[in-house]
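Asker: These protein sequence lines are chains U and D, in that order.
In terms of numbering that gives the first Met the number 0, the first sequence is residues 0 to 95.
In terms of numbering that gives the first Met the number 0, the second sequence is residues 0 to 356.
Because the hints were derived from the structure by calculation, they are not lab data.
Mixed in with the good hints there might be a few duds.
[Stated by the list, open to error] Computed spacing ranges between beta-carbons, pair by pair:
| hint | chain 1 | residue 1 | chain 2 | residue 2 | range |
| --- | --- | --- | --- | --- | --- |
| 1 | D | P33 | U | M70 | 28 to 34 Å |
| 2 | U | M0 | D | P33 | 40 to 46 Å |
| 3 | D | Q36 | U | P1 | 53 to 59 Å |
| 4 | U | F41 | D | D340 | 34 to 40 Å |
| 5 | D | G139 | U | R5 | 46 to 52 Å |
| 6 | U | E2 | D | A25 | 44 to 50 Å |
| 7 | U | G28 | D | E28 | 35 to 41 Å |
| 8 | U | G73 | D | D107 | 40 to 46 Å |
| 9 | U | G73 | D | F122 | 17 to 23 Å |
| 10 | U | Q60 | D | G139 | 34 to 40 Å |
| 11 | U | G28 | D | R323 | 44 to 50 Å |
| 12 | D | C341 | U | A93 | 56 to 62 Å |
Using N, Cα and C, we set each Cβ at its ideal position, and we do this for glycine too.
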Amino acid sequence: MPEPSREEEIGQLCARLKELLISQLNIEGITPDRIQDDDALFGDGLGLDSLDAVEIVVLLQRNFGVEVKDMEKGREIFRTVRSLAEFVYEQQHAAP
Amino acid sequence: MGLVVPRGRGVDALGRALEEGWRAPASVEAQGLPGGQTPVYRVPAEAMVDPRALRAARRADRLTRMAVLAAWDAAAEGGLTAEGAGARVGVIFATALGPHATTFAFLDGILDYGQAGVSPTQFSHAVHNAAAAYIALALGIRGPALTFTQFHFGFHEAVRMAGAWLAGGRCEAVLVGAAEECGTVQASIAARRLAPPADGRIRPFAFGRPAGTVPGEGAAFFLLTPDGGASDAARIEVAFGAESAAGIDAETGLLILDAGGLSSEEAAYADAAQAGVPVASYAPVFGGTLGLSAFHASAAALTLRRERSFATPVPDHAPERALRVETGGRPVREAVCLRLDCAGRAAALRLRCSRGR
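Kindly generate the complete structure, drawing on both the sequences and the hints.
Answerer: So, in structure tokens, the structure goes:
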């Protein structure tokens with residue numbers, strides 16, 4: 000069985016992240032299929048705020064074992080579901 | 000007043016529940032028990048949907064949501080709007096166990112993920128004062144907000160403090176209420192320690208016999224003002240001590256016992272039940288909860304408002320000399336809710352009809 004490609008893995012991560020964001024952040028009135036990979040998480044997109052950002056840090060650590068150590072990079076990492084998924088993918092495939 | 004109870008949300012839901020009487024509880028999972036299930040009276044999820052009242056409560060837990068909805072309805076009934084509350088309105092919230100489900104979830108987070116992996120939202124919501132803060136936020140209240148945490152007399156202390164605030168001019172109105180939650184932890188503890196009755200019936204008049212209880216949950220709030228406001232409002236007073244429930248008129252009075260099978264010390268209610276006035280307890284409707292005093296106060300208020308009494312749902316074991324209450328036309332002008340703690344200390348909430356003052 001061939002290894003999944005980077006894009007396939009990121010697609011799977013996006014789907015998982017959408018479910019986690021909705022359940023862990025108590026986002027009401029929306030289902031995962033209504034969230035586009037490139038929707039903004041903050042501001043006019045999903046409307047998340049700074050408290051949610053802290054919760055996402057915990058969410059990534061608990062569910063994917065990855066840490067956001069550089070909060071300067073956090074602004075870009077937390078931009079969209081896809082940018083989150085790409086960050087998780089890169090961390091999981093980084094050389095030890 | 001505003002209510003969220005196992006039969007639904009609102010005064011009408013309370014009225015229907017009291018008319019209907021006992022209903023079989025639901026079952027939830029109880030970890031480590033034979034069969035794995037235990038009976039509970041939980042508030043249905045559909046009773047806690049209200050985008051307007053809960054618009055700022057996305058992160059709020061179950062206890063806080065129940066409290067906000069009950070407070071919201073009490074404020075609305077009293078003519079208090081989110082735009083008009085302001086600095087002259089206070090909030091006093093009473094709870095025995097507080098947001099314990101959130102507290103346990105937070106502790107589970109420490110055990111499972113370490114201190115660095117716990118949810119900051121759960122941490123900030125694991126304090127008992129969170130519900131009062133959310134109520135103030137939902138209703139735009141900028142007056143004092145206070146929480147009483149006591150096992151037995153928290154709601155009584157809340158009413159007493161509200162009276163002091165009103166008498167001293169600190170507030171023009173005070174939202175006073177209580178809420179208790181029945182999560183899986185409480186359900187499991189109740190199943191192990193309080194022996195739920197096999198047929199699901201709480202027997203308030205068992206008075207310490209091993210009758211057991213079925214845990215319940217909900218929230219009840221009242222808007223207290225110095226003059227009572229609406230024409231169908233009731234006056235509420237609180238008293239502490241052995242004589243706190245004395246002097247009820249046998250013809251027009253009603254004694255409601257806060258007995259719900261929560262403790263073997265409930266034998267002390269037996270003497271009060273034979274005092275020569277009609278007695279009732281609605282624990283089989285609300286479930287066995289440390290917040291029973293507030294729920295009974297709501298039942299008392301509805302009794303006065305509708306000028307009719309509601310039969311006690313499960314009268315089993317009532318002493319022969321106890322005068323039972325029948326559902327119907329007997330006018331009640333005064334209802335007294337008596338609470339005894341494990342040490343036999345007493346407190347009573349006395350509600351009087353204010354018509355014709």
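Asker: For every hint, state whether the structure bears it out.
Answerer: Status of each hint after checking the structure:
Between P33 of chain D and M70 of chain U, the C-beta spacing of about 50 Å breaks the proposed range 28 to 34 Å. Between M0 of chain U and P33 of chain D, the C-beta spacing of about 44 Å keeps the proposed range 40 to 46 Å intact. In this structure, Q36 of chain D and P1 of chain U break the distance hint of 53 to 59 Å, their C-beta atoms being roughly 46 Å apart. A C-beta distance of roughly 50 Å is found between F41 of chain U and D340 of chain D, which places it outside the suggested range of 34 to 40 Å.
In this structure the hint that G139 of chain D and R5 of chain U lie 46 to 52 Å apart at CB holds, the actual value being about 50 Å. In this structure the hint that E2 of chain U and A25 of chain D lie 44 to 50 Å apart at CB holds, the actual value being about 48 Å. Evaluation of the 35 to 41 Å hint for G28 of chain U and E28 of chain D yields a failure: the beta carbon distance comes to about 28 Å. At about 26 Å, the CB distance of G73 of chain U to D107 of chain D disagrees with the hint of 40 to 46 Å.
Range check, G73 of chain U to F122 of chain D: about 20 Å between beta-carbon atoms, so the 17 to 23 Å window is met. The beta-carbon spacing between Q60 of chain U and G139 of chain D, approximately 37 Å, falls within the hinted interval of 34 to 40 Å. A hinted range of 44 to 50 Å holds for the C-beta pair G28 of chain U and R323 of chain D, which are about 48 Å apart. Separation of C341 of chain D from A93 of chain U is about 59 Å and conforms to the stated range, judged on CB atoms against 56 to 62 Å.
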